[in-house]
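Novice: As a plain string of letters, each chain reads:
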Amino acid sequence: MKKSIFLYKAIVRNYLPILAGMVLSFVAIIMVFTMLLHIKGFFAYYENISAGFIPELKVRLEQDIDGRAMQQMMKEIDQVHGIDSFQYGYSKNFGNASFEIDSGFNSLEGRSLEKDISVIGFDYIADRPTQIELNQKGKRFNAEVAYVDYFGNWLINIEKQENIRAEPCHITFDGQKIDFQVMDFGSVYTLQLRNPDDPAQLKLLYDFLTDFISRFVDLQNTGIPANRFETPVDSDSQIYARQIYIKRKLLDCFKLIFSGNSGTTNAMLSTPLYHGISRYNQIQNTILNAGGQNCRLRTMDFFNINAEKFYNNNVVLMNYNDFSCLFETGGKYNLLYVYGKNFPEKAVVNQIKSRYPEARFTVRQDAIPTLSLQSEIFHYCIYALLSLFFIVVCCIVMVRFLKFYMVFHSDLIFMKIYGYQGAVFTRLLWFVLLASAGVAYLIIDHLISLHNVVLSKYYFPEISLDLVSFGVPLALCAGVLLGVYALECKQFKKLEYGSRGDFS
Amino acid sequence: MTARAISCRNLSLQFDKNTEPILQDINLTIPENSIVLLYGATGKGKTSLFNALTGLNFSGVRQGEIYWGKRAIPNTRKANKLRPDFISLIYSHFYFLQSLNVEENVLLPAVFSGKSSKYIRRRLELLSEVFDFEDQLTAQLNFFKKILYSTDNHANNKNGNHRRPNKVTKLSNGQREIVNIARALIVDTPFIFADELLRSYSEAETEVVWNRLLDPRLGIKQNKTLFMITRKEYFRHDPRVDLVYEIDGQAIERRPAPRRQL
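These protein sequences, in sequence, are chains A and B. Numbering follows our numbering, in which position 266 of the first sequence is assigned residue number 314; successive positions increment by one, without gaps. Numbering follows our numbering, in which position 53 of the second sequence is assigned residue number 74; successive positions increment by one, without gaps.
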């Protein structure tokens with residue numbers, strides 16, 4: 049015969065309705081906790097839309113340094129401090145510069161006012177791999193991606209190899225096949241999706257392209273907003289609009305990374321510049337007159353860089369290769385953007401300063417003080433709510449604990465006399481928390497899977513249960529559990545026969 | 022553990038600092054394998070002494086030491102640890118766990134002290150045999166098994182009838198006395214401490230139950246000591262009693278044992 053059965057019959061059985069109530073309360077509390085922590089993610093999304101391009105730390109080097117030194121420095125910083133991502137390149141301020149707007153018919157439509165314009169060229173590719181693995185007739189080939197474009201369907205240009213033929217091939221991504229047809233376009237091969245009408249293949253291709261582009265640029269920090277002037281034409285207009293947004297975002301990034309037409313440079317402009325020269329937010333061919341040079345630009349889109357005002361109001365962003373060709377940097381760099389939420393800024397600054405004492409640093413908080421204030425207020429509110437719920441949890445547990453010892457006082461003394469030593473309430477609370485966590489996890493997981501069905505329909509990336517968001521409430525509950533255990537040990541020691549007149 | 026005796030040295034009990042101690046400088050020894058009685062009027066400190074000697078409550082102990090064998094018992098923590106193997110308790114107010122049925126209440130000490138199922142079954146059978154009153158004067162007390170179970174003839178099971186465990190709330194005081202004793206005897210300990218034993222019974226009933234309690238199969242006087250707090254004069258005349266103490270003022274006096282009177 050087991051003690052636990054007797055314990056169950058003597059105490060737990062009578063306590064089951066209250067335990068069930070506690071499980072329900074804790075399920076609700078854990079879910080609220082998790083949801084509140086999830087809301088932080090929404091703010092991060094808003095923040096990204098507003099000022100995603102602004103790095104946590106911007107470093108302007110007074111001297112030009114070569115690529116290897118920059119890579120080595122970033123590698124060391126990443127190893128020690130764990131940054132999310134970084135971009136480095138060259139920045140040049142031209143003082144007064146203007147745009148000539150090209151009508152496309154060999155005539156100029158007009159000229160913009162002269163403004164203080166800075167041009168940034170980021171080295172997106174640097175030493176990052178641009179190869180993808182193709183599988184053709186059971187043979188594997190590494191193909192160099194030369195360009196990615198969109199003409200009704202996605203086109204992935206790869207450099208010609210003798211081994212690859214203009215026949216069907218596939219890429220394996222996430223354990224699934226994406227079927228392509230290799231097309232011969234003279235100087236390059238182009239991969240085209242074989243079943244472009246298959247939503248599953250299309251989604252997989254988006255995922256693959258997103259994954260591929262993430263090698264070069266942190267999509268979270270592009271700050272490229274949805275194009276509001278694209279008109280949905282599909283019956284399911286929202287899905288179509290979403291497809292367009294993703295397509296545009298990917299396409300813009302690809303065009304920045306891989307230089308396109310010779311003679312014209314793809315460029316993105318900061319919001320005030322773009323609105324100044326673009327009609328109806330359409331792609332424009334322009335000529336930038338800066339520092340006595342004329343640069344033919346294809347201005348694709350704008351990036352949300354209002355907060356760039358702190359640095360420069362008017363920024364032109366292009367690939368470093370183009371920048372280097374136009375302004376002859378000689379393979380040198382002078383600009384570094386460091387992205388990441390949890391790296392120690394001061395330590396990184398010190399590390400860079402030790403090597404480049406004259407470097408100038410700007411932290412995100414200084415660049416966008418209003419946003420960081422909003423973020424601070426928002427986070428304080430969330431933490432205040434969490435603290436409030438935590439206090440509620442503590443109160444619930446404390447009241448239950450005291451009531452438990454009032455109701456079962458004599459029974460516990462009696463069991464103690466016969467040798468029972470154990471924190472009954474803590475054990476029950478442990479089971480309550482375990483059951484609550486299990487139920488809450490199942491419910492949240494189910495809700496997220498329902499949510500993901502909707503997200504996948506609109507081609508949003510699916511979200512997964514953030515284990516930190518789920519773990520924090522559990523850790524808090526575990527803290528409460530430990531507190532209750534300490535309290536109960538003390539209380540159990542105090543239980544003494546006849547102390548409250550129970551046995552007289 | 023070798024059970025020699027339970028004793029106290031210079032024990033003083035006082036519950037209120039502003040009043041005189043109830044008992045002062047008590048030196049008492051309860052030897053092994055004996056029956057020891059403690060008499061005293063109401064409010065003289067019998068139960069307080071009982072609680073102190075059994076380590077149930079030390080709140081009144083102002084000075085002195087208590088020994089179980091050679092081990093000093095300074096607090097309830099140590100007492101709770103050692104008691105299950107050393108002392109069985111028969112309470113004056115029974116005290117049962119209402120959520121458990123009669124049988125479970127009887128088995129509780131054995132289960133919590135970690136006895137095996139086989140041991141518990143053997144002890145339960147022994148108790149059933151000893152406390153079977155079928156052919157006795159006190160048949161109205163019900164047989165021990167009848168106290169534990171009701172037989173439900175209408176129950177639809179393989180044997181045709183069904184044993185249903187009784188609830189403690191349905192027992193009479195006399196039946197509770199039996200369950201109280203059985204609960205103390207379910208574990209084989211060298212000492213049994215009883216507070217106001219058999220107070221619910223008439224003299225004739227007391228005689229029957231008392232004789233059963235002293236059945237050689239239960240081992241009292243052979244390998245067990247029974248220490249009883251009582252006011253019943255019946256026991257004072259039983260020649261099987263070895264020692265009689267009586268509370269006299271703040272002291273405890275030893276009285277002549279019945280055997281010597283004879």
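It is possible that some hints are incorrect.
Across the chosen pairs, the derived CB separations fall in these ranges [as the list claims (entries may be wrong)]:
(1) B:Asn39 to A:Lys541: 47 to 57 Å
(2) B:Asn96 to A:Gln413: 24 to 34 Å
(3) A:Ala483 to B:Glu224: 55 to 65 Å
(4) B:Leu147 to A:Ile491: 19 to 29 Å
No more than 27 Å apart at the CA atoms, straight line, and that leaves these computed lysine-lysine pairs for DSSO-like [said to hold, decoys possible]:
(5) B:Lys191 to A:Lys51
(6) A:Lys50 to B:Lys136
(7) A:Lys464 to B:Lys253
(8) B:Lys91 to B:Lys242
(9) B:Lys139 to A:Lys50
(10) A:Lys451 to A:Lys464
(11) A:Lys542 to B:Lys102
(12) A:Lys380 to A:Lys140
(13) A:Lys51 to B:Lys242
(14) B:Lys242 to A:Lys538
(15) A:Lys464 to B:Lys99
(16) B:Lys99 to A:Lys51
(17) A:Lys225 to A:Lys295
(18) B:Lys38 to A:Lys541
(19) A:Lys541 to B:Lys99
(20) B:Lys91 to A:Lys464
(21) B:Lys139 to A:Lys57
(22) B:Lys136 to B:Lys102
(23) B:Lys191 to A:Lys50
(24) B:Lys38 to A:Lys51
(25) A:Lys50 to A:Lys541
(26) B:Lys136 to A:Lys51
(27) A:Lys538 to A:Lys451
(28) A:Lys123 to A:Lys140
(29) A:Lys297 to A:Lys225
(30) A:Lys185 to A:Lys163
(31) B:Lys139 to B:Lys245
(32) A:Lys57 to B:Lys188
(33) B:Lys139 to B:Lys102
(34) A:Lys50 to B:Lys91
(35) B:Lys139 to B:Lys188
(36) A:Lys542 to B:Lys99
(37) B:Lys242 to A:Lys451
(38) A:Lys464 to B:Lys188
(39) A:Lys57 to B:Lys102
(40) A:Lys464 to A:Lys380
Calculated directly from the structure, the hints in this document are not laboratory data. Backbone N, C-alpha and C fix where the C-beta goes; we use that ideal spot for every residue, glycine too.
Novice: For the pair we were handed, A:Lys541 and B:Lys99, check the Cα-Cα distance against 27 Å.
Specialist: 11 Å, holds
Novice: Given the hint that A:Lys50 pairs with B:Lys91, does the C-alpha gap stay at or below 27 Å?
Specialist: Given pair A:Lys50, B:Lys91 is violated - Cα atoms ~32 Å apart, limit 27 Å.
Novice: Is the hinted pair B:Lys38 and A:Lys51 satisfied, with a Cα-Cα distance of at most 27 Å?
Specialist: 41 Å, violated
Novice: Verify the CB-CB distance for B:Asn39 and A:Lys541 against the hinted window 47 to 57 Å.
Specialist: 28 Å, violated
Novice: Given the hint that A:Lys297 pairs with A:Lys225, does the C-alpha gap stay at or below 27 Å?
Specialist: Between A:Lys297 and A:Lys225 the Cα gap is close to 24 Å, so the pair holds against 27 Å.
Novice: Given the hinted pair A:Lys542 and B:Lys102, is their Cα-Cα distance within 27 Å?
Specialist: Since the Cα atoms of A:Lys542 and B:Lys102 sit roughly 15 Å apart, the hinted pair holds (cutoff 27 Å).
Novice: Would the pair B:Lys91 and A:Lys464 pass a check requiring their Cα atoms to be no farther apart than 27 Å?
Specialist: It holds: about 23 Å lies between the C-alpha atoms, which stays within 27 Å.
Novice: Can the restraint linking B:Lys139 and A:Lys50 be considered satisfied, given a maximum Cα separation of 27 Å?
Specialist: 13 Å, holds
Novice: Verify the proposed pairing of A:Lys225 with A:Lys295, using a straight-line Cα cut of 27 Å.
Specialist: Measuring from Cα to Cα gives roughly 21 Å; hence the hint holds.
Novice: Is 55 to 65 Å a correct range for the gap between the Cβ atoms of A:Ala483 and B:Glu224?
Specialist: 57 Å, holds
Novice: Please verify whether B:Lys99 and A:Lys51 have alpha carbons no more than 27 Å apart.
Specialist: 21 Å, holds
Novice: Given the hinted pair B:Lys139 and B:Lys102, is their Cα-Cα distance within 27 Å?
Specialist: 23 Å, holds
Checked against the numbered hints given earlier, this structure breaks hints 1, 2, 4, 7, 13, 14, 24, 30, 34, 37 and 40; the rest are met.
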